[in-house]
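All chains should be modelled from the sequences, with the hints used to inform the complete structure.
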Amino acid sequence: MYTDPGSGLFFLQLIAAAVLTAGYRLRRLIFAPFATKRSEDENCED
Amino acid sequence: MRGLAEPLSFRDPDGYLFKTGNRILRYVLPHAGAAVRAFLDSRLAVSWMNQGKLVHSTILENPSEFELPPECAGRLPPGALIVEHTPISFRNYPYEWAPEMLRSAAELTLELAREAMRAGFTLKDATPYNLIFDGCRPVFVDLLSFCRRDPREPVWQPYAQFVRTFTLPLLAFRYFGLRPDEILLPHRDGIEPEKLWALCPAYRLLFPPFLSSVTMPVLLARARRGASAGTYRARHARDEDEAAFLLESLFARAGRQLRRAGRTRRGSAALQYADSGHPYAAVELAEKERFVASALERFSPRSVLDVGCNTGHFSWLAARTGARVVAIDRDEAVIGALWRSASQASLGILPLVVDIGRPPGACGWRNNECAAFLDRARGSFDCVLMLALMHHLLVNERVPLAAILQLAAELTTRWAILEYIDPKDANFQHIARGRDALHRDVTPESFERAAGGWFQIVDAAGISPTRRIYLLRKKEA
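Going line by line, the protein sequences match chains A and B.
Once you know that position 33 of the first sequence is 32 in numbering that gives the first Met the number 0, the rest is easy, because the numbers rise by one and skip nothing.
Once you know that position 96 of the second sequence is 95 in numbering that gives the first Met the number 0, the rest is easy, because the numbers rise by one and skip nothing.
Just so you know, the hints here were simulated from the structure itself, not pulled from any lab data.
It cannot be assumed that every hint is accurate.
With beta-carbon atoms standing in for the labels, derived distance ranges [what the hints assert, rightly or not]: (1) Ala17/A with Arg377/B: 51 to 59 angstroms; (2) Phe30/A with Val45/B: 34 to 42 angstroms; (3) Ala17/A with Ser345/B: 23 to 31 angstroms; (4) Tyr202/B with Val18/A: 23 to 31 angstroms; (5) Arg24/A with Asp374/B: 54 to 62 angstroms; (6) Ala17/A with Ser63/B: 48 to 56 angstroms; (7) Ala226/B with Val18/A: 17 to 25 angstroms; (8) Val18/A with Arg301/B: 52 to 60 angstroms; (9) Asn366/B with Arg24/A: 47 to 55 angstroms; (10) Ala17/A with Arg319/B: 52 to 60 angstroms; (11) Ala17/A with Pro207/B: 15 to 23 angstroms; (12) Gly225/B with Val18/A: 22 to 30 angstroms; (13) Val18/A with Ser345/B: 38 to 46 angstroms; (14) Val18/A with Ile430/B: 53 to 61 angstroms.
All C-beta atoms in this analysis are idealised placements derived from N, C-alpha and C, irrespective of residue type, glycine included.
In structure tokens:
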């Protein structure tokens, strides 16, 4: 990569990514059972 | 005979642009050839080219010796490519754009980055120099900026460059009145958050939009001053969905920052002046319009340069006759307004912030990356308009009458429509502020004598007691 990634702006991106990752994984953890249930329901309808 | 290949770029490690005659060609080095071909063959690239978002690019399957750069010594290495790009009519640079145009270029950059990410590609740099305005539309021209993406890469490396070159210059304009040219002309890679921090009152640093674009990056940079090269190592998300989610969030955040930074400044004095401050009575303006419209219809110029265009009233007239128009003015507010109106009407007008009294010179590495405005303009227009401009150059720039006419002759290959403004004119006197003695040699006779050095007077009409308009034909060399 030949573009200067910056310092403060790069760290900000990393921190934002870490916070979002935590939220994303938590959301997946919470909603995973419902997602499975819905797909099972959809299969039943078929 | 082979045209001299002139390299036009050098920073990208995957290839460079060069010019052969009037053709714009790109040499793609062997290591990048397959990736560029895959991108150009993708539905994404084809769709962008069809929509005019990406410059039209064609791979020359069997380039002749004349289509190769000198380093190939007449033979294309295996894996390398020659790509031909459709030339854009008038090359322009980010430091000549109004803030609205910079924002539009930023929006297109983000849009393409987001779509590329969804299609498995990434935009590897995000600078306004990747785009050129073709008329009112920004077109992405740097083909090599797109490459395959690591599907688990959760970071967009050019984010900082995007902020430095788009978001922060727009913030600096909105809050501190710094025009894009004041930032982008001396700083190729934009403005660092630290510079805006220094300009910003303390209370502003605590609130959006400065909090996320300036304050936090500056504090983080200070805190991580000792960061090692390992900080910048490639990172991976747990899976592709997670990486896509993070990048979508980043693009959304960059878009929000851009929207906040790019809001138009209200109450521009220059625009109010342009709307109501012109000195013509209705009948005088009608006569001026009639004269210009009649000249344009009679000679149908293909390309028109409107110097000192103001809000572009006469640029519109020229564009409606089918001419490609480049309209320049030193006031970014009127250029922004013209860009908005011409974009809505899809007219072939390219408005640029250029002060003809101090036009941008050649700049960049060895003064060879960005051509001087006048060098680009010479030979590009068969008609030049200089309406209600002469007195500004005479008084504010102290340019002699003959030099103004010489410039008009340099800028056109055929026609010029010039407005003579007498020193007795109220606007002339307003800006002269009592310095009448300096302009006592400016008379209709001296104007016509000076014009005679380069032009033949084809037609002339009085539009008011102190203003006269001329249609001039350039004398053969």
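Consistency of the hints with the structure:
1. Checked against the hint of 51 to 59 angstroms, the pair Ala17/A and Arg377/B passes, with Cβ atoms roughly 54 angstroms apart.
2. Between Phe30/A and Val45/B, the C-beta spacing of about 37 angstroms keeps the proposed range 34 to 42 angstroms intact.
3. Take Ala17/A and Ser345/B: their Cβ atoms lie about 45 angstroms apart, and the range 23 to 31 angstroms is violated.
4. For Tyr202/B and Val18/A, the Cβ-Cβ distance of about 26 angstroms falls inside the hinted range of 23 to 31 angstroms, so the restraint holds.
5. Taking 54 to 62 angstroms as the suggested C-beta distance range, the pair Arg24/A and Asp374/B conforms, at roughly 56 angstroms.
6. Checked against the hint of 48 to 56 angstroms, the C-beta distance between Ala17/A and Ser63/B comes to roughly 53 angstroms, which is consistent with it.
7. In this structure the hint that Ala226/B and Val18/A lie 17 to 25 angstroms apart at CB holds, the actual value being about 19 angstroms.
8. For Val18/A and Arg301/B, the Cβ-Cβ distance of about 56 angstroms falls inside the hinted range of 52 to 60 angstroms, so the restraint holds.
9. For the pair Asn366/B and Arg24/A, the supplied restraint of 47 to 55 angstroms holds, since their beta-carbon distance comes to about 52 angstroms.
10. Taking the beta carbon of each, Ala17/A and Arg319/B are about 55 angstroms apart, inside 52 to 60 angstroms as hinted.
11. In this structure the supplied range 15 to 23 angstroms holds for Ala17/A paired with Pro207/B, their Cβ-Cβ distance being about 21 angstroms.
12. At roughly 23 angstroms, the beta carbons of Gly225/B and Val18/A sit within the given window of 22 to 30 angstroms.
13. Against the hinted window of 38 to 46 angstroms, the Cβ-Cβ separation of Val18/A and Ser345/B comes to about 43 angstroms, which satisfies the hint.
14. One distance hint, 53 to 61 angstroms for the beta-carbon pair Val18/A and Ile430/B, holds here, with the actual separation near 56 angstroms.
This entry does not satisfy hint 3, going by the numbered hints stated previously; all others are met.
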